[in-house]
Amino acid sequence: MTVHVLDQLPLWVEGDLSGPEKTVVDQHLACCPSCCEAAENLRTSQAWLRDAMKSPFDAADHERLRQRVMDQVRSTPSRPVGRGFLRSSLLATAAALLLLATLTWAQRRHPTTSAPDPVPAVPGPGRALEAVQKPLPLQPALEAARVAALPHGRAQTARSESTGAPSRIEFQTADPTIRIIWLTQARPLPEPAPILEEKS
Amino acid sequence: MCAVFPGTEAALMEEGFTAPSEAPADGPLEHLVRRIRMGEVEAFADLITCTQARVLALAWRILGDRHLAEDAAQETYLRIFRSLHTFRMGERFEAWMVRIAANVCHDLVRKRGPLPVPMEALAILEGDAAPMGAEESILLDQRRALIRRALASLPQAERSALVLRDLEGHSTEAVARILGVRPATIRSQAASARAKVQVFCARLLKPTDGGRP
Chain A
1 MTVHVLDQLP LWVEGDLSGP EKTVVDQHLA CCPSCCEAAE NLRTSQAWLR DAMKSPFDAA
61 DHERLRQRVM DQVRSTPSRP VGRGFLRSSL LATAAALLLL ATLTWAQRRH PTTSAPDPVP
121 AVPGPGRALE AVQKPLPLQP ALEAARVAAL PHGRAQTARS ESTGAPSRIE FQTADPTIRI
181 IWLTQARPLP EPAPILEEKS
Chain B
1001 MCAVFPGTEA ALMEEGFTAP SEAPADGPLE HLVRRIRMGE VEAFADLITC TQARVLALAW
1061 RILGDRHLAE DAAQETYLRI FRSLHTFRMG ERFEAWMVRI AANVCHDLVR KRGPLPVPME
1121 ALAILEGDAA PMGAEESILL DQRRALIRRA LASLPQAERS ALVLRDLEGH STEAVARILG
1181 VRPATIRSQA ASARAKVQVF CARLLKPTDG GRP
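Line by line, the protein sequences are chains A and B. Mapping of the first sequence onto my numbering: position 113 corresponds to residue 113, and the numbering continues sequentially without gaps. Residues are numbered in my numbering as their position in the second sequence, beginning at 1, plus a constant of 1000.
It is worth saying that the hints were derived from the structure and are not from the lab. Note that this is a predicted model, so its numbers are computed, not measured. In this text, a Cβ means the ideal position worked out from N, Cα and C, and glycines have one as well. The reader is advised that the hints may include incorrect statements.
[As the list claims (entries may be wrong)] Quick partial rundown of chain B residues pointing at chain A, CB under 7 Å, derived from the structure:
1. Gln1074
2. Tyr1077
3. Phe1081
4. Leu1167
[Claimed, not checked] Listed next, the stretches of chain A that the computed footprint assigns to chain B, with coverage defined by at least 3 CB atoms under 8 Å from CB atoms of chain B:
5. 10–23
6. 31–44
7. 50–60
Turn these sequences into a full structure, and let the hints guide you.
Next up, the structure:
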């Protein structure tokens, strides 16, 4: 009984068969007229397929596509390079803010030994405004400014322990020309207000 | 018996195609990519000039419609521009571009539903498969329309496999990487698609015959 190779022909016609499989099909085609005709039909249909699917686009279509794309590309506000720079800058800023929040939180948990300002339990509005407008002491800031150059992407803090001066946080971004410097002064948490007992 | 058709390579070269395995890893396209990533946006026009024939042809073969293909090609280039910073230098840019183009085409098919069937092909199928006394050019046009109808009737996966493997000239392994499936799947899908197209062609040649001996 002859075993035909019709199922193998769609693979055989484009060379998708392995060496031994191809040999078997070739040997069968040499002695089977019906399979040979099927193989010829398949080759013909593949040739017709390539002929029918030739690209219909010409130079005018190409020029129109290029114009349409470039018009949109030129009007795009963010370019690939700029977007990458923006992303790294945002990441650096986010890291700096996270570091600042962590340091502030740690300072509030462990307040300094220096005597806190006598702040009333509930400061009045005038006092709060005064505290906001009070300028930072200049000398401690200058002392902290002597922090050595930092390696890339590293943050460092400097703080004058003796005076309770502002902390200085520096963060070197990926761009060597940009360094984020943050001066902050932690104030210890106010003592809880005494509970006033009503006189009965 | 050789399975390669005479003139196939020439036809591919006409469309600006070079065999993927023979192209250098750092060719002129990768050079253009470097310039664009350095901020030279006008180099993107050169990139389009070098590749648009292939992108348009691929989109048209997968989608079967000129206007859809032009939309798909435009969207492909915009996606390329937006995500060019994610392209890893050292990879082949053409393969990356073809992957994006195929994804854009599949997205369009998903949004728009089944592909449109060329109307001229439907007219042929409803009438006699081999019109008598027609001129050769008319027969040729009808034959092409029938083939396009056959391609449009294929399931999307088989159509993509056939287009990328047989018409675009990628290897089975490269098509598998582009479509994200196993090479055995591509072999199976392409073989099924070839058999179906051959049945359509046999219908043109012998209307009463199934096309197989």
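Requested in this report: Under 7 Å, Cβ to Cβ, is where Leu1167(B) needs to be relative to chain A, so tell me if that hint holds or is violated.
Outcome: The hint holds - Leu1167(B) has a Cβ within 7 Å of chain A, the shortest such distance being about 5 Å.
Query raised in the report: Holds or violated: Phe1081(B) as interface residue toward chain A, Cβ cutoff 7 Å?
Result: holds, 5 Å
Requested in this report: Could you check if Gln1074(B) really has its C-beta closer than 7 Å to a C-beta on chain A?
Outcome: Since the shortest Cβ distance to chain A is 6 Å, the answer is holds.
Query raised in the report: Should the interface hint for Tyr1077(B) be scored as holding, given a Cβ-Cβ cut-off of 7 Å against chain A?
Result: holds, 4 Å
Report task. Examine the region 50–60 of chain A for residues whose CB is less than 8 Å from any CB of chain B, and state whether their number is three or more. Result -> Result for this restraint: holds, n = 8.
Query - Stated coverage of the region 31–44 of chain A by chain B [criterion: 3+ residues, CB within 8 Å] - result: Check passed, 9 qualifying residues.
Requested in this report: Examine the region 10–23 of chain A for residues whose CB is less than 8 Å from any CB of chain B, and state whether their number is three or more.
Outcome: holds (count 7)
When held up to the earlier numbered hints, the structure conflicts with none and fits them all.
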